[in-house]
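Going down the list, the protein sequences come from chains U and H. Per the numbering used here, residue 167 is the first one in the first sequence, and the count goes up by one each step. Per the numbering used here, residue 6 is the first one in the second sequence, and the count goes up by one each step.
Misleading hints may appear alongside valid ones.
[Claimed, not checked] Which bits of chain U does chain H cover? Going by a derived footprint, with three or more residues having C-beta under 8 angstroms, they are: (1) 201 to 208; (2) 265 to 274; (3) 305 to 317.
[Said to hold, decoys possible] For each label pair, taking beta carbons as the anchor points, the in silico distance ranges come out as: (4) Asp330(U) - Phe38(H): 28 to 34 angstroms; (5) Arg315(U) - Gln45(H): 33 to 39 angstroms; (6) Gln45(H) - Cys325(U): 21 to 27 angstroms.
[Claimed, not checked] In silico contact screen, one side only, chain H against chain U (beta carbon under 7 angstroms); selected entries: (7) Asp42; (8) Gln45; (9) Ser64; (10) Arg82.
I should point out that these hints are in silico values taken from the structure, not numbers from a laboratory. No residue lacks a Cβ here, since even glycine has one placed at the ideal position from N, Cα and C.
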Amino acid sequence: MTDIDKSRLAGFYRQLQRQAQDGGYFLNPDSGFAMELAESLLINQNRYGYQACPCRLADGERELDQDIICPCDYRDEDLGEYGACYCALYVSKEVAERKKQAGSIPERRPPDPADRAKRKPVPSAPGTGLSGLAYPVWRCRVCGYLAARDTPPGVCPVCHAEKDRFELFMPGGNTR
Amino acid sequence: MADKKVFLYALSTCIWCRRTKELLTALGVDYDFVFVDTLQGAEKEKAVAEMARHNPSRSFPTVLINGTVIVGFQEARIRELLQK
Ligand code: SF4
Numbered sequence: 167m168t169d170i171d172k173s174r175l176a177g178f179y180r181q182l183q184r185q186a187q188d189g190g191y192f193l194n195p196d197s198g199f200a201m202e203l204a205e206s207l208l209i210n211q212n213r214y215g216y217q218a219c220p221c222r223l224a225d226g227e228r229e230l231d232q233d234i235i236c237p238c239d240y241r242d243e244d245l246g247e248y249g250a251c252y253c254a255l256y257v258s259k260e261v262a263e264r265k266k267q268a269g270s271i272p273e274r275r276p277p278d279p280a281d282r283a284k285r286k287p288v289p290s291a292p293g294t295g296l297s298g299l300a301y302p303v304w305r306c307r308v309c310g311y312l313a314a315r316d317t318p319p320g321v322c323p324v325c326h327a328e329k330d331r332f333e334l335f336m337p338g339g340n341t342r
Numbered sequence: 006m007a008d009k010k011v012f013l014y015a016l017s018t019c020i021w022c023r024r025t026k027e028l029l030t031a032l033g034v035d036y037d038f039v040f041v042d043t044l045q046g047a048e049k050e051k052a053v054a055e056m057a058r059h060n061p062s063r064s065f066p067t068v069l070i071n072g073t074v075i076v077g078f079q080e081a082r083i084r085e086l087l088q089k
């Protein structure tokens, strides 16, 4: 269906695999499926100049598509809640080990660009100090890695300790 | 099944849209579709606006089966609606 060069695709797929592994992420264990998505990412790279999410309609302007450049802003939340990102290129450990199956999941990205902007972290208001954090900060008890997001990472990208080794370091966002 | 009217809003790069097309083909359904990402300008805007009336979240695939809207690749739901 495309003119994506086979060796370029193979190299890109290996790169995705390596990056996922290094960061404590997992690609879909169905390599044919993951390869189709990798190819679509390269198609979008050619088309838009950046790797827009294959399963979402890109605007074509980088600024407006910022949140859906792969890996998108919604990946980790979807991994935590559904065990797969929206396209299912990235999956949870359970899905990677075929204990669970990834399927089509609801879209989390707000359709209105104004609502997308609201999702972005806001700096704490002057004088409120750390209590005004937009996101809670999680600390890996093993290596000290800090992550400011709603939930701790599935696996620590630095030392690969699992999710339950994270502790709440600074409250913010929902945990306030 | 020829009496069922099926239309699909899809993206050419979307794997769940591809799975939906494959399912419709496997079920032997006659369907029309549009790859919204391959349209330009006014045509693209028109397709998105039209789709948004059925699916305000503007996500793909959006399938219309005799006026029933199915959002995402929902195999069981599609089978159910088409095999009735
Ligand atoms: S949903 Fe998955 S494949 Fe799509 S952009 Fe996000 S991380 Fe990448």
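These are the hints, each one checked on the structure:
no., hint, verdict
1, 201 to 208, "holds (count 3)"
2, 265 to 274, "holds (count 5)"
3, 305 to 317, "violated (count 0)"
4, Asp330(U) - Phe38(H): 28 to 34 angstroms, "violated (45 angstroms)"
5, Arg315(U) - Gln45(H): 33 to 39 angstroms, "holds (37 angstroms)"
6, Gln45(H) - Cys325(U): 21 to 27 angstroms, "violated (48 angstroms)"
7, Asp42, "holds (6 angstroms)"
8, Gln45, "violated (10 angstroms)"
9, Ser64, "holds (4 angstroms)"
10, Arg82, "violated (11 angstroms)"
Comparing the model with each earlier hint shows violations of hints 3, 4, 6, 8 and 10; every other hint is respected.
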